[in-house]
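Novice: Fit chain B to the known structure of chain A by using the hints.
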Amino acid sequence: MIPTLILNALAVSSLYIMMASGLALIFGLRRVMNFGHGAIYMVGAYLGYTIASGMNFWAALILVPLIMSVFGVLLELLVLRPLERRQQIEVALITFGIGIVIAQIVIRIYGGTPLSVSAPPLLASSVKIFGADYPVYRLFITVIGLCSVVALAVWLNATRTGMFVRAVSHAPDVSSMMGINADRLSLLISTLSTAFAGLAGVLVGPYLSIDPGMDVAMIITCMIVVVIGGTGSIWGAIFAALIFGFVQTFGTVYLHEISVLLPYLMLIGILVWRPQGLNFGGGAE
Amino acid sequence: MTSATLSLRPASRVRLPIFGGLALAVFLAGFLLPGYLEGGYLQSMLNNGFITGILALCVAFVMHQCGLVLFGIATYYGIAAYVCAILVNSFGFSAPSAAALALLAALVSAFLIGAIVIRVKPLAFMMICLSLAELMRHLVALPSLRGMTGGSDGLVFMPEGRILGIDAMDMLDSARVWPLIWSATWVVAGIFLVVALSHFGVRLRAIKENEERMRFSGFDTYWPRVLAFAGVGLAAGVAGVLQALASGFASPEMFSIITSTNALLAAITGGVSSVVGPVLGGVIYTWAISEFGAMGYSQLFTGISVILVILFIPRGVLHPLRLLLRKGGRA
Numbered sequence: 001m002i003p004t005l006i007l008n009a010l011a012v013s014s015l016y017i018m019m020a021s022g023l024a025l026i027f028g029l030r031r032v033m034n035f036g037h038g039a040i041y042m043v044g045a046y047l048g049y050t051i052a053s054g055m056n057f058w059a060a061l062i063l064v065p066l067i068m069s070v071f072g073v074l075l076e077l078l079v080l081r082p083l084e085r086r087q088q089i090e091v092a093l094i095t096f097g098i099g100i101v102i103a104q105i106v107i108r109i110y111g112g113t114p115l116s117v118s119a120p121p122l123l124a125s126s127v128k129i130f131g132a133d134y135p136v137y138r139l140f141i142t143v144i145g146l147c148s149v150v151a152l153a154v155w156l157n158a159t160r161t162g163m164f165v166r167a168v169s170h171a172p173d174v175s176s177m178m179g180i181n182a183d184r185l186s187l188l189i190s191t192l193s194t195a196f197a198g199l200a201g202v203l204v205g206p207y208l209s210i211d212p213g214m215d216v217a218m219i220i221t222c223m224i225v226v227v228i229g230g231t232g233s234i235w236g237a238i239f240a241a242l243i244f245g246f247v248q249t250f251g252t253v254y255l256h257e258i259s260v261l262l263p264y265l266m267l268i269g270i271l272v273w274r275p276q277g278l279n280f281g282g283g284a285e
Numbered sequence: 286m287t288s289a290t291l292s293l294r295p296a297s298r299v300r301l302p303i304f305g306g307l308a309l310a311v312f313l314a315g316f317l318l319p320g321y322l323e324g325g326y327l328q329s330m331l332n333n334g335f336i337t338g339i340l341a342l343c344v345a346f347v348m349h350q351c352g353l354v355l356f357g358i359a360t361y362y363g364i365a366a367y368v369c370a371i372l373v374n375s376f377g378f379s380a381p382s383a384a385a386l387a388l389l390a391a392l393v394s395a396f397l398i399g400a401i402v403i404r405v406k407p408l409a410f411m412m413i414c415l416s417l418a419e420l421m422r423h424l425v426a427l428p429s430l431r432g433m434t435g436g437s438d439g440l441v442f443m444p445e446g447r448i449l450g451i452d453a454m455d456m457l458d459s460a461r462v463w464p465l466i467w468s469a470t471w472v473v474a475g476i477f478l479v480v481a482l483s484h485f486g487v488r489l490r491a492i493k494e495n496e497e498r499m500r501f502s503g504f505d506t507y508w509p510r511v512l513a514f515a516g517v518g519l520a521a522g523v524a525g526v527l528q529a530l531a532s533g534f535a536s537p538e539m540f541s542i543i544t545s546t547n548a549l550l551a552a553i554t555g556g557v558s559s560v561v562g563p564v565l566g567g568v569i570y571t572w573a574i575s576e577f578g579a580m581g582y583s584q585l586f587t588g589i590s591v592i593l594v595i596l597f598i599p600r601g602v603l604h605p606l607r608l609l610l611r612k613g614g615r616a
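These protein sequences, in sequence, are chains A and B. Under this note's numbering, the first residue of the first sequence is numbered 1, with each subsequent residue one higher. Under this note's numbering, the first residue of the second sequence is numbered 286, with each subsequent residue one higher.
It is worth saying that the hints were derived from the structure and are not from the lab. Take these hints with a grain of salt, some might be off.
To be verified - Computed footprint of chain B on chain A; a stretch qualifies when at least three of its residues, placed anywhere within it, have a C-beta under 8 Å from a C-beta of chain B:
| hint | segment |
| --- | --- |
| 1 | 89-101 |
| 2 | 220-228 |
| 3 | 250-264 |
As the list claims (entries may be wrong) - What follows is a list of derived Cβ distance ranges for each label pair:
| hint | chain 1 | residue 1 | chain 2 | residue 2 | range |
| --- | --- | --- | --- | --- | --- |
| 4 | A | I62 | B | F597 | 36 to 42 Å |
| 5 | A | P275 | B | E445 | 42 to 48 Å |
| 6 | B | V479 | A | A151 | 56 to 62 Å |
| 7 | A | L208 | B | F304 | 54 to 60 Å |
| 8 | B | S429 | A | G213 | 19 to 25 Å |
| 9 | A | P114 | B | E445 | 38 to 44 Å |
| 10 | B | F316 | A | T113 | 45 to 51 Å |
| 11 | B | V487 | A | P82 | 32 to 38 Å |
| 12 | B | F376 | A | G213 | 28 to 34 Å |
Note that the structure is a prediction, hence the values are computed from the model and not measured. Glycine residues also receive a C-beta, built at the ideal position from the N, C-alpha and C atoms.
Next comes chain B alone, as it looks inside the complex:
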């Protein structure tokens, strides 16, 4: 069973208080981080890394629970960012209401798209998701929408109001926005973990294992997956809104294949069955890409990473270690 980490085994029930305490300590300690980093390059990289981490969590969730490769997560990420920016710029919305509507837009679009793409075969699913991200990239860059979307230059916006006690203008400061990104990552990871452990998660994995058998056993196999897809779209929307607020900017590049590829890479490298791995993967890839990007090799790096990761560690870096531990535990 590949879902070992996400199913409650007797052993982990004993370890739960220890893990819970540890997680709480890490969570609280995270808020102290800006004090040590004092803003600057490392902090903004960490912010971007966690946002990519949220996207990677989404990809990992769909991969692990539904067995589908979500190669177009950038769609919902970008939609949320643009809706947020457009509502602020063109319609004078305040930051919290724009953010809320942006999340709603991501949810609704993912629901509608999910209702169509869930029915197709896995390979076609992957290709369609990728094409839809391209559709959005073209859409926001249309010259006739330039007044609203800023065309191919992207859209700069200045939100007003407070979100969860942080002034929207302060969010452009990488240290001030950190608590929001940090807690959002925890919330998304926590919800994914709870869903994975719930009856709904079991049902999703059962559909993944054998859709036909589930259908014959009288279970609906369509709507659970559409709902999961919509939920993942919403989570990607969270990442999009965070990115938009933290940079005050939405650009067509948010929809690019490279955004989706990096999220996918982070998810696979970190291991799709875990919630910590994809986030760590997001941080590491963001760091590596900014290092290689400085030399002009960021896309080359992405390409080579895709080949190496799929070739050598298709189940994530932790997988061999986990196998070893499990064998050790049994002996």
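If we strip away everything but chain A, and leave its shape as in the complex, we get:
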């Protein structure tokens, strides 16, 4: 029972990590909280559904992040860059409005009924882990989640671009004086962030369901994760996503329906303890 739960929690956390780290990266560079992130994830999931049913799941896994990265370019060029001088809360509200519009368009196209995607044949089986059958697909999500965290860590810590990203997040003015092009970095980060949201959307299809409320549910989750992790702290967000996944998974089993309230109670508890969030590992603020 417990090992299964741990694996489930890791699978859910992987999705949250993909979402929250993208949000935290954009926030680090632009000081903008993208409230439309949930809607982008929703578009990813619905596009994933279309491509998976038209072609196959693997095509969706490759194509959707590519298509969603175009959203990232648009986000950067049409929203973040022109509104650079506006207050961060104004930009957040505009992204929120964009999120509502995108979600409504998706609902117009696909209708309001929940959809489901079946896992590809290769991953549809289950394996024995600690004596219990466990779906391979969830392991697959966890592996992708872990790989993306490792890739992100390597990229941020071992490459020149990653160093620039850290520099701009840490001290935007100084790094621009040193000749780092923050605009170009921001374009890259927005693209990565929406591509990850798209990836999370495709992955969620066969695991949970695809429904019209998924964008709001996800953006609320992301906000709790980002606030708990300390706004803008990438490692804080990843750690908080992990905690969130565990609390949610174990809560569902042991506390049943009260579990939907747990994330919020956790948020309040942590803020009473530390108003700045956990915020360790070098945040943006």
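Specialist: Then chain B, alone, in the frame of chain A:
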């Protein structure tokens, strides 16, 4: 200074009797409205519009006096409505005592939440307020509380007793409840105006301008804002109780993001530094949303409005006009 309309300048002291007389005339004339509208669609829309207007006043107050974006006003609105409905249904309270306790519940919850959220940064403040509204939406829809809250279907209730001379059963009639909504809006707007003009309001705005400086000057910067937050929660509670009494219904949708967004939109469009603007904004948005809602586009309308309003009129529709007037006055 952005608070021009809420600070007494010499010129406005001269105009005060004129404005006061005008306001009184409008206030009294408002009570005659049901006679002209004869109930029906327009009256119920106006009722909803003013209730949204009260919520918008709350959002505007927090924005203007504290510089914080209150994106979860629905929390206190919904809490008051539910407490009122639950007390009547499950505990057999009469309408006035249920309403009074509901207001108390809104006040206490806003005070407790305010004590936590005031300490965080503005962006986090906005996100937490929004999350708390979602928390409440989940809480009232819990299947195990179904007996008390009605689950996701919402809670229908039939209050008894009289509130300010109006029988609770008559309040379901949109024309009969109007005087209550109309006067409540005036009271809330009046109190916000008085607070804004008072020493307390000055202190709040000074904290908004520079919290650190105020702290170093020996002022407490925490409790004034918590108190303001609690007061705003109470005002949102008034809106919640009115909505519950006027419809005989409390639903999880009262806590939805859309409720909070519409109040925010109304406040920003009307201009957060005014007390008339947000109410007008509430009425106009309620009307527009019901028009677009008839075609199934209400959320799309909300989304597009958020983008356009923040992009083009972040200080409200009256702001350019006010700038023009002030320049004209100086010339």
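Novice: Enumerate the violated hints, using their earlier numbering and listing them in ascending order.
Specialist: none
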